Every structure is written in structure tokens, then in C-alpha cells.
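Its first residue numbered 23, the sequence shown is counted upward by one per residue in our numbering.
Note that these hints are calculated values from the structure, not bench results. Treat the hints with caution; some may be incorrect.
Unchecked claim - Simulated crosslink set (DSS-like; lysine-lysine; CA at most 30 Å straight-line):
hint	residue 1	residue 2
1	219	180
2	361	134
3	317	158
4	453	488
5	509	334
6	180	254
7	499	429
8	125	158
9	154	244
10	509	158
11	520	499
12	499	158
13	361	520
14	219	361
15	499	361
16	157	354
17	154	180
18	509	488
19	448	371
20	510	453
21	488	219
22	354	317
23	157	125
24	125	317
25	524	509
26	354	129
27	317	285
Computed from a predicted structure; not experimentally measured.
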Amino acid sequence: MNKFNYALLFVFFVSFTFAQGVESDFSEMDLDIESSTIQNKISLKDSIRSVFKVYKESLLIDSLWRKELYNSDLFDEMYEEVTSLEMEEENVIYQELPTELLKERLKSLNAKTPFVVEYNESLESVIKSYLKNRKKSLQRLINLSDFYFPMFEQELDKHNLPLELKYLAIVESALNPRARSRVGATGLWQFMFPTGKMFGMDVSSYVDERSDPLRSTEAACKYLSSLYNVFKDWDLALAAYNSGPGNVSKAIRRSGGETNYWKIRHNLPRETAGYVPAFLATMYIFEYADELGFKTNKIKNPYFETDTIHIKQTLTFHQISEILDLPVEELKFLNPSYKLDVIPYVEGKNYTLRLPLDVLGTFVSNEDLVYAYINAESNNNEKALPQITNQNEQVTYRVRSGDFLGKIARDHRVTVNNIKQWNNLKSNNLKIGQRLSIFPPNATTTTTSVSQNNTTTHSTREYTVKSGDTLWSIAQKFPGVSIDNLKKWNDISGSVLKPGMKIKILRG
């Protein structure tokens with residue numbers, strides 16, 4: 023046993039004694055560290071956990087709520103909904119909301135918000151279409167809003183902005199902090215790379231602060247303030263947020279100098295033409311959620327409180343999960359700006375780890391032990407290669423444009439170090455077309471097909487079509503997969519899909 027493990031076990035015994043409030047005479051304590059009893063009964067991780075201060079009165083979110091928080095498929099649905107709204111929507115029949123009642127509510131809403139929420143047939147069609155076709159998704163978004171809205175409102179209030187702007191994040195990202203559009207806009211507020219940099223958000227191989235809820239919300243507030251100062255109209259400011267000030271100015275000129283959004287709408291890009299109606303429809307539904315039959319949380323607070331701690335060394339989500347017994351998915355949800363599931367330690371940067379308050383208390387109270395465990399285990403757990411057995415079949419992966427090691431590792435449920443060692447890589451640099459040997463866990467859950475020249479191996483999986491799925495939304499779920507791929511692999515000639523239909527997805 024090396025000196026480090028002797029010291030660590032000594033720290034454990036001392037911490038255990040003080041944590042339990044037991045008065046002991048250490049001169050009489052038999053510290054036989056080589057004892058086979060300790061070796062057999064107490065693992066290093068269990069030893070450390072045994073001295074944790076556990077705050078049982080602060081419960082973690084229940085499993086159903088956790089599952090809801092981590093589900094990111096709403097973004098595809100919202101993105102397609104906004105971009106495909108027709109300029110002149112057909113009249114949608116939804117008898118549960120009479121037109122006169124809608125007019126009355128919109129008038130009331132218009133009186134208490136700086137946005138122009140006046141009735142017109144286009145807005146009525148959007149609202150009724152949402153209620154008729156997206157009620158389940160809207161309920162999920164209402165649930166999610168309880169986590170994010172208190173923070174949004176605090177930042178909006180700090181910048182003296184209308185609190186209703188919180189609904190913009192629903193239209194932008196469906197409250198998915200890792201959402202990424204087909205043109206590269208990222209995060210809750212969908213910042214493009216140059217705009218994110220302009221507002222001081224760090225984007226590197228490890229970190230993308232456009233996905234950080236706090237940093238991106240602060241940047242969105244500053245950007246929206248600047249747009250309003252230019253246009254002096256919130257509808258036009260929203261349109262400029264979506265398509266850029268230049269496109270709005272161009273639409274105003276083409277409309278003969280009109281500055282009413284609804285009068286310039288036909289001269290805006292298609293996506294922006296559906297953007298403000300989607301925002302107003304979302305505002306109406308959330309403001310009248312109870313009357314519309316949605317379940318809402320009367321106490322407008324997050325389901326659990328969180329806080330951050332500055333890290334003292336590079337940590338991986340896997341390491342944190344192991345020692346704190348916290349699901350990796352929860353760490354990803356709370357820390358979405360870390361692209362590779364790694365929190366880097368960099369001189370001059372203050373990268374933080376966000377945790378539920380009760381778990382944060384455990385971390386802070388036992389910080390030295392946490393780092394001691396991670397240092398002791400990192401060489402064994404993070405760098406060791408998994409055993410290659412019949413349950414770890416080799417997959418040959420061909421590098422595509424936009425790939426990087428962290429993304430490939432996540433997709434195959436392995437570590438970056440695994441891929442580098444399997445392929446004798448000395449750096450993180452990859453070339454398009456480069457072939458990588460990968461041994462994913464439980465690879466037998468997929469089937470493999472080998473081309474006749476035996477040079478390329480594909481792993482194949484099936485996707486079951488859900489209600490509302492399109493070829494585009496399915497392609498977005500799988501990196502490097504296009505609509506043409508899906509059509510070719512599945513002999514699809516048109517674009518109509520039916521719920522329950524099986525779609526083949528080839529990888530490699």
C-alpha cells in the first residue's frame with residue numbers, strides 16, 4: 023500500500039470520529055491499516071461516503087421529474103413549428119376556445135403588457151393550432167418553466183425589461199440549454215457564435231457558455247435592450263432578435279416605411295414571420311394556463327434549489343457521479359455548458375460545478391476527501407481500457423465533418439481516453455474520413471453490416487416513429503444523418519411518416 027492510501031485511510035478514520043462526535047483515545051486505537059478486515063469490508067469509495075454529512079430533509083427531485091427535465095426532444099418540435107408556420111394559416115377549428123372569449127382575453131392581456139397582443143385571425147389560428155395539436159408538449163414546457171422562469175424573471179427585472187420576455191426562451195429553444203439549430207445557434211436563447219463572443223461568452227473545445235443558463239440569459243437581456251433602443255417597439259425588437267436588425271430594416275423599407283410588425287410581416291424571412299405569432303401564442307397559453315386546463319405549480323419556485331462551487335482541478339461528470347452518487351444525466355442538465363462532460367481547470371478561469379443544495383453541502387463538507395478519492399481512482403477508472411469481450415464488439419467509425427473526440431465518445435458511451443488508446447492517438451486532432459476502432463459497451467444490442475469489400479463496418483439501430491415526427495426532426499436526433507440518408511436506408515419515396523413505423527439508422 024502506498025503512502026497516499028495510508029494517508030487517505032487515516033483521514034477517513036479521523037473524519038469518521040469527529041463526524042460521529044465520539045471521544046476516542048487514538049493512542050489506544052488499533053490502526054492496523056493493513057488489516058484484512060478493512061481491506062475486505064470497506065472500499066475506498068464507501069469509506070469516504072461513510073463520513074459524508076447527509077442532509078436527508080432536502081430530497082432530490084423524484085425520478086419522473088428528473089426524466090422530464092432531461093428530455094430534450096421538445097426543441098425539434100418547436101423549431102419546426104416556428105419555421106413552418108404559413109403566412110396565412112387556415113382557420114383552425116377548436117371549439118373549446120370560442121373566438122369571442124379569445125378576443126376578450128387578448129384585450130385583457132394587451133392592457134397589461136408592452137407587447138401588442140391584439141386579435142387577428144392569424145394569431146387565433148396559431149393559438150388554436152397549439153392547443154389542438156401540442157397540448158401534451160405545452161404541459162411539459164409548463165412543467166419545465168418552474169425550473170427556469172424564476173431565474174429569467176430575476177435577470178429581466180435587473181435589466182428593467184418586460185417579464186413576459188421569459189416566454190421567448192420557449193420559442194427559441196423549448197427550454198433546452200443544449201439546443202442547437204441547423205445553422206449553429208446554441209443554448210436557451212439561441213446565440214450564434216459571433217454574437218455570443220460579442221457578449222463575452224466563452225466558446226472553446228471544452229466549454230460553450232452559450233449553453234450556460236445564467237450567462238446566456240444575462241447576454242440575452244443586454245441584446246434585447248440594445249434592440250429595443252434601436253426600434254422602440256418590442257414586436258420589431260423580437261423580429262430583429264430572430265433574424266437580425268438588417269432584415270427588419272429591409273422589411274420596413276419594402277413596406278413603405280411601416281413600423282407595425284403585422285404590416286411588414288410578409289417582407290420578413292419565413293422563420294421570422296412565424297416567430298412573433300409563436301411568441302404571442304405562447305404568452306397567451308401560459309398566462310391563461312389554468313383556464314385552459316393545464317396543471318400548474320401554484321408556488322412559482324424551482325422544484326429544487328441549486329448553487330455553484332469553484333473547482334480546484336479538472337473533473338469529469340463520471341468522477342463526480344461516482345463519488346456523489348448523482349446521475350450523470352442530472353450533472354449534464356445542471357452544467358450544460360461543458361461540451362465533453364468535463365469541467366476543465368484553467369488558470370485565470372473560474373469554472374464552476376452546479377449541484378443541488380443538499381449535494382453541494384455534502385461536497386463542501388467533505389471537499390478534501392472528494393478530491394482525494396478522485397485522484398486515487400482517476401488512473402484506474404478513467405484511463406483503463408474496458409475488457410474486450412464478446413459483449414464489446416468492435417465498431418469502425420469514419421470521422422465526419424464537425425466531429426470531435428468528445429462527441430464521438432458520447433455517442434458510443436465510452437471515454438475520450440478510451441478512443442485515443444484504442445487508436446494510438448497522440449492528440450485530439452481528427453481528419454475527415456479517418457477510421458477509428460471503438461469498443462462500445464453492450465455493442466451486441468446493435469447489428470453490424472459489412473460492405474462487400476470488408477472495409478467499412480456499420481452499426482444499425484431502429485427508431486420508432488412518434489406522433490409529430492418528421493424526417494427532418496428524426497435526422498436532427500442523429501449526428502451526421504441527413505433526410506436523404508433516411509430515405510435511402512428505408513426505401514422511403516415521400517415524406518409522410520406514421521406513428522409506430524420503424525426507421526433504420528446506420529452508423530459508421
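Against the structure, the hints come out as follows:
{"no.": "1", "hint": "219 to 180", "verdict": "22 Å, holds"}
{"no.": "2", "hint": "361 to 134", "verdict": "40 Å, violated"}
{"no.": "3", "hint": "317 to 158", "verdict": "11 Å, holds"}
{"no.": "4", "hint": "453 to 488", "verdict": "36 Å, violated"}
{"no.": "5", "hint": "509 to 334", "verdict": "49 Å, violated"}
{"no.": "6", "hint": "180 to 254", "verdict": "19 Å, holds"}
{"no.": "7", "hint": "499 to 429", "verdict": "13 Å, holds"}
{"no.": "8", "hint": "125 to 158", "verdict": "24 Å, holds"}
{"no.": "9", "hint": "154 to 244", "verdict": "35 Å, violated"}
{"no.": "10", "hint": "509 to 158", "verdict": "29 Å, holds"}
{"no.": "11", "hint": "520 to 499", "verdict": "18 Å, holds"}
{"no.": "12", "hint": "499 to 158", "verdict": "20 Å, holds"}
{"no.": "13", "hint": "361 to 520", "verdict": "34 Å, violated"}
{"no.": "14", "hint": "219 to 361", "verdict": "17 Å, holds"}
{"no.": "15", "hint": "499 to 361", "verdict": "17 Å, holds"}
{"no.": "16", "hint": "157 to 354", "verdict": "27 Å, holds"}
{"no.": "17", "hint": "154 to 180", "verdict": "36 Å, violated"}
{"no.": "18", "hint": "509 to 488", "verdict": "17 Å, holds"}
{"no.": "19", "hint": "448 to 371", "verdict": "26 Å, holds"}
{"no.": "20", "hint": "510 to 453", "verdict": "26 Å, holds"}
{"no.": "21", "hint": "488 to 219", "verdict": "37 Å, violated"}
{"no.": "22", "hint": "354 to 317", "verdict": "27 Å, holds"}
{"no.": "23", "hint": "157 to 125", "verdict": "21 Å, holds"}
{"no.": "24", "hint": "125 to 317", "verdict": "23 Å, holds"}
{"no.": "25", "hint": "524 to 509", "verdict": "12 Å, holds"}
{"no.": "26", "hint": "354 to 129", "verdict": "42 Å, violated"}
{"no.": "27", "hint": "317 to 285", "verdict": "36 Å, violated"}
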